[in-house]
Amino acid sequence: MDELDRAIIGALVEDARSTYAEIGGQVGLSAPAVKRRVDRLVQTGAITGFTAQVEPSALGWTTEAYVELFCQGKTSPSAIALAVSRLPEVVSACTVTGEADALLHIRATDVRHVEQVIERIAAEPFVVRTKSAIVLTRLITSRPA
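Numbering (the UniProt record's numbering) for the sequence shown: 1 to 145.
Source of the hints: derived by calculation from the structure; they are not laboratory data.
Just so it is clear, the structure is predicted and the values come from calculations on it, not from any experiment.
All residues carry an ideal CB built from backbone N, CA and C; glycine is no exception.
Heads up, some of the hints might be wrong.
Restraint-style ranges between C-beta atoms, simulated for each label pair [said to hold, decoys possible]:
| # | residue 1 | residue 2 | range |
| --- | --- | --- | --- |
| 1 | Ala58 | Ala16 | 12 to 22 Å |
| 2 | Arg6 | Val91 | 51 to 61 Å |
| 3 | Phe50 | Gly25 | 14 to 24 Å |
| 4 | Ser30 | Glu115 | 38 to 48 Å |
Generate coordinates for the entire structure from the input sequences, incorporating the hints supplied.
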């Protein structure tokens, strides 16, 4: 990946609806040259897709929380992923260092909804306990550069 590829990716991150001609104008290439590079970036897996970013509150998801999972024994990351992937309220999940085994990011309609999601998570046979924190104010929302 060279600097032109990085510039093209930057333009797509800024506005994925930009035309190849618009991106070409920004990076100094013709539209067909930009298309060839984008196609190659998709083919090699550097670009994994094109999506719409939706404001969660527009869909009624006004409450968010982070939930630490504490699991019994040697629960595998794949077992955790399988269980939490069934819950549409879990928008991300990762294994972490420290006492907890995993950290979940949840979006819900209200605090009661968060509680119901946590109850469903806690009912998983491998979950020993959970620890949650409700987000009061999102200070920074970052996007890939």
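Now for the hints, and whether the structure bears them out:
no.: 1; hint: Ala58 x Ala16: 12 to 22 Å; verdict: holds (18 Å)
no.: 2; hint: Arg6 x Val91: 51 to 61 Å; verdict: violated (27 Å)
no.: 3; hint: Phe50 x Gly25: 14 to 24 Å; verdict: holds (20 Å)
no.: 4; hint: Ser30 x Glu115: 38 to 48 Å; verdict: violated (56 Å)
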